Amino acid sequence: MQWKVSMTGKDRLVVLPDTIPDNVPFDATIDGRSVQLRWQRATRALFILDSKVGTAWTSLNLRTKSVSKFPGESDLAVSSEFLPAGAKTPVIMDATVSLHIPGQESRAGAAAKKPKVVRSQITGKVLKVLVKAGATVNAGDTLVIIEAMKMENRVLATAGGVVDTVKITEGETVSTGAELVRFKQS
Amino acid sequence: MSTPTKRPIKRLLIANRGEIAVRIIRAARDLGIETVALYSDADQYSLHVKLADYSVNLPGNTAVDTYLNVPKIIAAIKESKADAVHPGYGFLSENADFADAITNAGAKFVGPSAKAMRLMGDKIEAKRLMKAHKVTCVPGSENPLKDVEDLRRHAQDIGFPMILKASAGGGGRGMRVVRTMDDLAESFAACTREAASYFGNPAVFCERYIENPRHIEVQVLFDEHGNGVHLFERDCSVQRRHQKLIEEAPSLFLNAEQRAEIGGRAVVAAKAAGYSSAGTIEFICESPERVYFMEMNTRIQVEHTVSEEISGIDLVRWQLLVASGEPLPFKQEDIQLRGWAIEARINAEDPAKGFLPSPGRVNQVRFPAGPGVRVDSHLYPGYEIPQFYDSMVAKLIVWGQTREIAMDRMLRALSEFEIDGVPTTAKFHEAVLRNPIFRAGTMNTGFVESQAEYFKKAFSNVPEEHQDHAALLAAILTVEDQKKGAVTATTTSSAAPKSLWRERSRLESTRRGGV
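As given, the protein sequences belong to chains Z and S, one line each in that order.
When we follow the numbering used here, the leftmost residue of the first sequence carries the number 1, and every step to the right adds one.
When we follow the numbering used here, the leftmost residue of the second sequence carries the number 1001, and every step to the right adds one.
Same shape as in the complex, but just chain Z (with noise of 0.2 Å):
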């Protein structure tokens, strides 16, 4: 199968097989380069064969990973932490990851078409809705205030438009990827 992987700012191809074996050698290729790895998933552990090293297995150390997907939106966002052998410092990586279907590249048209949501990126109680159908929103300003964890956190609109639906009240409780505005198209 094959996956895009997004991060900082550049795309990688990732191919690897539809299952992953448990412990076992297996080849993959990332932007047409192989590489043969073994995951370890009791321990989480991702092992790489290092041809610098002849037959020693280089291991990544998972340390932490959040994913979030959003209800209605293709890519996950995977968000991980591992500590690589021999690095001094631990890989903290923000990764978009999507399904790569050959042919299918471009969906631009159908994207622009898709109505403008702004969703919830945490699971809170709506404090304060601050804009109302019809409103004209400039970048910067604030939607919507979400208390969670005894913090209030400000929903900022980066970008401006005009709201066409506000699809919560106030006193309401969202969680991650729930439809907060709705932007009229532009």
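Quick caveat, the hints were computed from the structure, so don't treat them as lab data.
Predicted, not measured: the structure shown is a model, and the values here were computed from it.
Some clues are possibly wrong.
With a Cα cut of at most 35 Å, we get these calculated DSBU-like pairs of lysine-lysine [claimed, not checked]:
no.: 1; chain 1: Z; residue 1: 125; chain 2: Z; residue 2: 167
no.: 2; chain 1: Z; residue 1: 128; chain 2: S; residue 2: 1072
no.: 3; chain 1: S; residue 1: 1331; chain 2: S; residue 2: 1131
no.: 4; chain 1: S; residue 1: 1456; chain 2: Z; residue 2: 52
no.: 5; chain 1: Z; residue 1: 116; chain 2: Z; residue 2: 184
no.: 6; chain 1: S; residue 1: 1457; chain 2: Z; residue 2: 4
no.: 7; chain 1: S; residue 1: 1115; chain 2: S; residue 2: 1081
no.: 8; chain 1: S; residue 1: 1115; chain 2: S; residue 2: 1146
no.: 9; chain 1: Z; residue 1: 167; chain 2: Z; residue 2: 184
no.: 10; chain 1: Z; residue 1: 128; chain 2: Z; residue 2: 150
no.: 11; chain 1: Z; residue 1: 167; chain 2: Z; residue 2: 128
no.: 12; chain 1: Z; residue 1: 150; chain 2: S; residue 2: 1115
no.: 13; chain 1: Z; residue 1: 150; chain 2: S; residue 2: 1457
no.: 14; chain 1: S; residue 1: 1108; chain 2: S; residue 2: 1271
no.: 15; chain 1: S; residue 1: 1456; chain 2: Z; residue 2: 125
no.: 16; chain 1: Z; residue 1: 116; chain 2: S; residue 2: 1353
no.: 17; chain 1: S; residue 1: 1457; chain 2: Z; residue 2: 125
no.: 18; chain 1: S; residue 1: 1078; chain 2: S; residue 2: 1050
no.: 19; chain 1: S; residue 1: 1353; chain 2: Z; residue 2: 167
no.: 20; chain 1: S; residue 1: 1108; chain 2: Z; residue 2: 150
no.: 21; chain 1: S; residue 1: 1006; chain 2: S; residue 2: 1115
no.: 22; chain 1: S; residue 1: 1271; chain 2: S; residue 2: 1081
no.: 23; chain 1: S; residue 1: 1072; chain 2: Z; residue 2: 125
no.: 24; chain 1: Z; residue 1: 128; chain 2: S; residue 2: 1353
no.: 25; chain 1: S; residue 1: 1456; chain 2: Z; residue 2: 4
no.: 26; chain 1: Z; residue 1: 125; chain 2: S; residue 2: 1050
no.: 27; chain 1: S; residue 1: 1006; chain 2: S; residue 2: 1081
no.: 28; chain 1: Z; residue 1: 150; chain 2: Z; residue 2: 167
no.: 29; chain 1: S; residue 1: 1010; chain 2: S; residue 2: 1081
no.: 30; chain 1: S; residue 1: 1353; chain 2: Z; residue 2: 4
no.: 31; chain 1: S; residue 1: 1078; chain 2: Z; residue 2: 150
no.: 32; chain 1: Z; residue 1: 125; chain 2: S; residue 2: 1353
no.: 33; chain 1: S; residue 1: 1331; chain 2: S; residue 2: 1115
no.: 34; chain 1: S; residue 1: 1081; chain 2: Z; residue 2: 150
no.: 35; chain 1: S; residue 1: 1078; chain 2: Z; residue 2: 125
no.: 36; chain 1: Z; residue 1: 132; chain 2: S; residue 2: 1353
Position chain S relative to chain Z; hints supplied.
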């Protein structure tokens, strides 16, 4: 227990949750005391409920409905026939009316007397008491300010910048920094107004404002017979928006002589207040010679663990023994400072995204272990971190013979700390532990803000050689999670470009109140 006590505690109710509830249950169990856990609906699967001998549900989810609800807690005390109550930290721990309500319900409050809590809770009263006992306070007004003229006179003595504070204030609210004579009148009016509306008491006083001081606090422990000791100081200068992130004991800022001096002052201060149980005297330090009393925290604190590690004294155990009338069997000269301890608070917040709070399900968790490593936590695999309470999910404490050893050990322990499911502050701590200013020990409370560039780089600098490996890991994790049904990807929407709208909103978080 070595000696029998006059009124031993038989059944202890814990009016708290999370890691501190677990910590208190452990101390009680060490002493053979039965425990009663309280839990909100959201906390029904929490570890403290499982560990306690008995548990009582407080219906509801919000703090106000549950852990802050005095009538419900008093009913639970009666229902469970508990003879003592430990309030932990935060919630009702510094509420003197709550302490009175417990006493009236026939149970023992594990902490100081309500009288001492009230005295130290009033900032003007506390300062006056300290001055009377020759404890240095920040230069400022001794009485509530009468009017702007009164304030102007003080401003001429103290100089600028100065800070106006509500006498009944706390948690970072009801304070205002004034930098020029022209701003005095307006700031005074605003501060008085805030003090009246937030705290129901318009009394305001003024002090010299010290920019980016060191935050140093002294742990004290008193029994109910007037005996008390200090367990040296803690340095809590690594903070973000008044939220402590890393604490250590002792402080590199003080030498042995200054340590004895500041500790002695703390004991005098606590004794003057008629204090019993564990407490903390906070000081702000301009320089080792200019150390001023700031306030007293009349509770066990989050960071009490580092004082335990360097002194060998279990503070929560002694809180329970003191509450059962035991005298302290040790004197100041019996307590030796041994080595160095550092605590890192592991919060469910993402430091790479402005410390965005991240409640959610913890799929996997693996704690570090080995020599000199301690983890105080209520986490377990499958635990759902609720959105209603504090974001702290674990405290990682290390001990080493020297500060150098402790710092390296903390890095080692952090490299073993594994949480799958939610982002945490662990990676932030790693960056702090490698920061040259922190390594040198010269940080003040402005450290995190002043090192913003350093932290930004630490989070975004993925070395080129590791980027391929990172991409492989990301893809494998996605395949693995997909198999487990945690995530689903469909081919129809798969090739759509990344939605801009995720990037079209961003979050900014501000802490409400404080613990």
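- prompt: So which of the earlier hints does this model not fit?
  reply: none
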